[in-house]
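Novice: Chains as they are written, first to last, in the numbering used here: chain F, 61 to 393; chain C, 61 to 393; chain S, 61 to 393; chain P, 61 to 393.
Honestly, the hints are just simulated from the structure, not real lab data. Certain hints may be false.
What the hints assert, rightly or not - Partner residues are not named here, just some residues of chain F that face chain C (Cβ under 7 Å, in silico): (1) 159; (2) 170; (3) 194; (4) 213; (5) 216; (6) 282; (7) 285; (8) 289; (9) 335; (10) 340.
To be verified - Chain F residues, not near chain C, derived (Cβ > 10 Å throughout): (11) 83; (12) 236; (13) 300; (14) 353; (15) 375; (16) 386.
Unchecked claim - No farther apart than 16 Å at their CA atoms in a straight line, the calculated lysine to aspartate or glutamate pairs in the EDC-like style are these: (17) P:216 <-> S:354; (18) C:216 <-> F:354; (19) S:216 <-> P:354; (20) F:216 <-> C:354.
Treat the numbers as computed from the prediction; the structure is a model and nothing was measured. From the three backbone atoms N, C-alpha and C, an ideal C-beta is built for every residue, glycine too.
There are 4 protein chains.
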Amino acid sequence: MRFRMAVVVGILAGTMALAQNVVKYQATINNVKYVYASAPPVARLKAGDILDTNTLDCFGNAIQKPGDTLSMSKGDNPLTGPFYVEGAEPGDTLAVKILDLHVDSNQGVGGFAPGFGAINPTNYTPMLTPPPPEKIWFYPIDHATNTATFQALDSKFSTRIPLHPFFGCIGVAPAGGEARSSIVPAEFGGNMDSPEASVGNTVYFPVNVAGGLLYMGDGHAAMGDGEIAGTAIEVPLHARVQVDVIKGHKISWPRFENDSAIMTVGAYRPLDDCLRIAFTELVSWIHQDYGLSELDAYELLSEVGRIHLNEMVDPNYVIVASIEKKYLPAKKR
Amino acid sequence: MRFRMAVVVGILAGTMALAQNVVKYQATINNVKYVYASAPPVARLKAGDILDTNTLDCFGNAIQKPGDTLSMSKGDNPLTGPFYVEGAEPGDTLAVKILDLHVDSNQGVGGFAPGFGAINPTNYTPMLTPPPPEKIWFYPIDHATNTATFQALDSKFSTRIPLHPFFGCIGVAPAGGEARSSIVPAEFGGNMDSPEASVGNTVYFPVNVAGGLLYMGDGHAAMGDGEIAGTAIEVPLHARVQVDVIKGHKISWPRFENDSAIMTVGAYRPLDDCLRIAFTELVSWIHQDYGLSELDAYELLSEVGRIHLNEMVDPNYVIVASIEKKYLPAKKR
Amino acid sequence: MRFRMAVVVGILAGTMALAQNVVKYQATINNVKYVYASAPPVARLKAGDILDTNTLDCFGNAIQKPGDTLSMSKGDNPLTGPFYVEGAEPGDTLAVKILDLHVDSNQGVGGFAPGFGAINPTNYTPMLTPPPPEKIWFYPIDHATNTATFQALDSKFSTRIPLHPFFGCIGVAPAGGEARSSIVPAEFGGNMDSPEASVGNTVYFPVNVAGGLLYMGDGHAAMGDGEIAGTAIEVPLHARVQVDVIKGHKISWPRFENDSAIMTVGAYRPLDDCLRIAFTELVSWIHQDYGLSELDAYELLSEVGRIHLNEMVDPNYVIVASIEKKYLPAKKR
Amino acid sequence: MRFRMAVVVGILAGTMALAQNVVKYQATINNVKYVYASAPPVARLKAGDILDTNTLDCFGNAIQKPGDTLSMSKGDNPLTGPFYVEGAEPGDTLAVKILDLHVDSNQGVGGFAPGFGAINPTNYTPMLTPPPPEKIWFYPIDHATNTATFQALDSKFSTRIPLHPFFGCIGVAPAGGEARSSIVPAEFGGNMDSPEASVGNTVYFPVNVAGGLLYMGDGHAAMGDGEIAGTAIEVPLHARVQVDVIKGHKISWPRFENDSAIMTVGAYRPLDDCLRIAFTELVSWIHQDYGLSELDAYELLSEVGRIHLNEMVDPNYVIVASIEKKYLPAKKR
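This is chain F alone, in the form it adopts within the complex (with noise of 0.2 Å):
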């Protein structure tokens, strides 16, 4: 049974190798991490093996019902992992592609924390006058339509908003021997909080360390542009990833592909700076692997290029630059 699902996967996944090893592993409260770095591996992993895992939610799935306050959380955005990678040395790509993601529970939280949100001051943009008072928001999530209802605090107000799962937190050891917090986004990826990485779409990291180690968490069930306010509807997930390695490949900064489209990641602060870092990427990658001058790529993306600002509320922000396939020449090779 659990093989005839491998095959079936391998052949869907096509260019994947056919018998595909699933490796499963629990992550609970007292395995997750806080940092992105250099750990001993909670698994390993073969290149085309599928990883079949849970992921907390930011609050470490402490924050339950109505008096719950953001101090019982135990740690921003417990991490799951780290996976070692069999194969995966520094100067190659590790690419995640990202099979499963199910929303583990019957309730999302959004939690509007001091310090933290777009448009309050906070802690990297401080002011005089304090920030708005902390408040939590619940959503009752409902698996048949696969919607979440947002209940006002202030008033009888709901509204149903669809899921689109994806993991706010995904990434690898840092360069360096850095370790970053599983708040932080950057090269390394982390905390991107990119509604991209989500089923149908590889992201593609550069590996820093032996074994890359791939971390997840941050689980959403939804979020809208910017996060502004801080939070997404905050779940624990369900996941199944498929790893691989590109040998002698190398990137700068995180990447994602599925069949129609590159997008390109810039991960820093301020905004202009991640999308200049998002569209060198994307306009090198379209040189690179498909064959437009750099010039003639700028012009193009100025024409189709699509922006996306996934969140102005972390220590560092990202934006994610595309463009369709459609768009594009044949890729070289």
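Using the hints, position chains C, S and P against chain F.
Specialist: For chains C, S and P alone, kept in the frame of chain F given last:
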């Protein structure tokens, strides 16, 4: 004949009074303007009137064939107008509904100008390294398929791009006696490069001087998010818009609206502040017209808000924030 | 009578030719302007002439005693001028040497205005949290000791601050037919809030229209770096400046110079871009007038360059970059 | 022998208790570190102890003569340390008084590295245009006159620069289990490139882990504001510092103090946010320790505050805000 057309339009528009007047105005290189300012109007419109006019492209239609250079343009973004709207007084809001936009040529132009663009040194983000040299791309327009064709300069590659015509420039006389260049977007609208300025949408402006003084120009046949190389597919347009005045309703920044969404504009610099302007405006709009508390609106936008990064190449940058009306309570009153 | 005064001034000024003409002009609340623009001049000056005039404070001298409010000001930064300088044509540089500045009152005013300031929500960095309320501080001026006294509003504490009078506003008509508010600094100078606009320094402006059209105002008795709460010690000034025209010498941004240093202005937004403008200008000045290669100038500035962050509260921010002449080769020619 | 030296030092230092212990530690290329992190200490200090040590230059002393290249460096900013300070616990403040700094070589090095600098494309402000090529300048140090000599590469020009030796890097282990590269400044201090880290000043750090774990490196013989080309006059240093622990006093960002001024550090990105961090910290310091209300402190800083823009080239930027104590009330308690 004219009367009949006005009647038909009135019926289609639905919410407008029956017998709309149509005012025609022909823009040429000899009557265009290069600043948004208090200036003698070229025509007067009454609330409900339809303006039937045209705009030159951002180069004043001066660039027509290979070998032409950007220096042949007499000025950037020549503007049609200003149009005086009867009854519009400071403190009111001017509403401009875009009824029809047609590309008024068989060719669009994209031009890379040194000092302009998102990922090259510019006048306001200068570097010691010189920018790339001037380049011009011509885009044949196929009116039958409603597409423009990108043709690479450095290879044989070409690709078709669907048309989405919109005004790159639409705005009114600024407040405080200012006159602003036609390349600038700000509180008065102007060079917003917003694809939202297209058929089916209504754009709202603060009225700063008697008559509002509406200007339009810089037609785009299509544009990527960010307009990153500095231009869209630049074209002359034929346009029909309908004006209205909302008496005693004061707004601070331009807004867009259509049947399914409300949208706010942040037109300043850097992008971080564009986002802050757009979202504080959107929270305020939701709070005032739809009755959610500010924090409920903030949280709801964090889950379903949308961000459209229009451009990061003009002297100010532009972000449009929006929410679909389906997520909002019924409008008050 | 007039001739005698001119002779005396010439002798005092030392480096000027003997018989300078002195043009007197009295500014009042009835003849001030609120935009930098092409407007009819209030007086005409020849190169070498000395202008003897005065400026109102940034509130039009309207705030005089406890209980007065910012709403009593008829407009921010009323400007004295414009002054037409004979022979100044677009492409030239206007030089304004500041000979004398005296605080023209016995009291200065500091006012915190909601929406204005570096560490509170503002019009262009808005937040959901409201800014602190309006507050006004009065600073008695002691002309004998050349000090102003800060008196805390919420305690008995007071402290004396040495006077350093300067023009918060000094600028010319903008290019391209623009008219800019007197609260804005940009390429034309304007509300630079530069303590460098003080006695002993010469300020250079690009000439954009015939006559240049010089404006001054917004006197400051003293100011901290950044002008962070939004105002300096605001005072009316009595001023004497001498104008000159450098024919055929085109600059892009304002510059300052005195016997010991050259200084360039970056007046835009955000600060990162102010710095880039100021230093690309300074490298260029050193390269062109003092003969160092651009990279040598860049490296030298990395070791001895100075940065003065003038303000981060106006619609554009201002950074002045400088180098002492003692570190430079002899000027060419 | 050791006791006698400690006594002498204590007498010289004046304000310290008599019998200070001196701990000596010799840094070499074999024991330096490249991240600020929780790591085994190289030595332990008690409060009041004097540390007598040395630092390598930012290139690990690898660049010595024309023809040497930046690639010869084994890593940027090798750090001496970490030093464990007894009794320092999370929530305390570590005070480091800089007693002596001497340039430990006869030559300094300035290096322009592609991808690094304020007015060229960089890793985090990338552009399509390539940066200028690598260049290295050597600065002979004259210990008798206490000057370094800049020698232009592209001409015969040379000029002398007075020495002002300081630590480019000084910091502690970060919070939350992070490890940060030695090229990064942030809450833990680090690569602040602050000329304030010089003799006579005390620098305060938040203690994030037991012992604080002090690191130092990246000596500068002199540096211009902004360090705009990416390096100062880079030198090895011989250093003596004295450590102390302020129990139960928690700060969020590094601070400096000397007899005449208090200074706060904003070490993030962009500059706008550096300024906001530094001034909210300074207002808070004045309010808490000197008793002015927040708004009085804000206004006073608007008139007498000082801003030192340390650098805009590292992965985070650094601004130091300060006020002279003569403008403040007596310190409370």
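Novice: Run every hint past the structure and note whether it holds.
Specialist: Comparing the hints with the structure gives:
1. 159: violated (25 Å)
2. 170: holds (5 Å)
3. 194: At 10 Å from the nearest chain C Cβ, residue 194 (chain F) fails the 7 Å test, so the hint is violated.
4. 213: For residue 213 (chain F), the interface hint holds, since the closest Cβ of chain C sits about 6 Å away, which is under 7 Å.
5. 216: violated (9 Å)
6. 282: Residue 282 (chain F) check passes; min Cβ-Cβ to chain C is 6 Å, inside 7 Å.
7. 285: holds (4 Å)
8. 289: Hint holds; residue 289 (chain F) Cβ to chain C Cβ min 4 Å, cut 7 Å.
9. 335: It holds, given that the least Cβ distance between residue 335 (chain F) and chain C is near 6 Å, below 7 Å.
10. 340: With a closest approach of 5 Å, the residue 340 (chain F) hint holds.
11. 83: holds (33 Å)
12. 236: Answer for residue 236 (chain F): holds, closest chain C Cβ roughly 26 Å.
13. 300: holds (25 Å)
14. 353: The claim breaks: residue 353 (chain F) does not keep its Cβ more than 10 Å from every Cβ of chain C (closest is about 4 Å).
15. 375: holds (14 Å)
16. 386: violated (8 Å)
17. P:216 <-> S:354: With a Cα-Cα distance of about 15 Å, the restraint between residue 216 (chain P) and residue 354 (chain S) holds, given a limit of 16 Å.
18. C:216 <-> F:354: holds (15 Å)
19. S:216 <-> P:354: holds (15 Å)
20. F:216 <-> C:354: holds (15 Å)
Checked against the numbered hints above, the structure breaks hints 1, 3, 5, 14, 16 and satisfies the rest.
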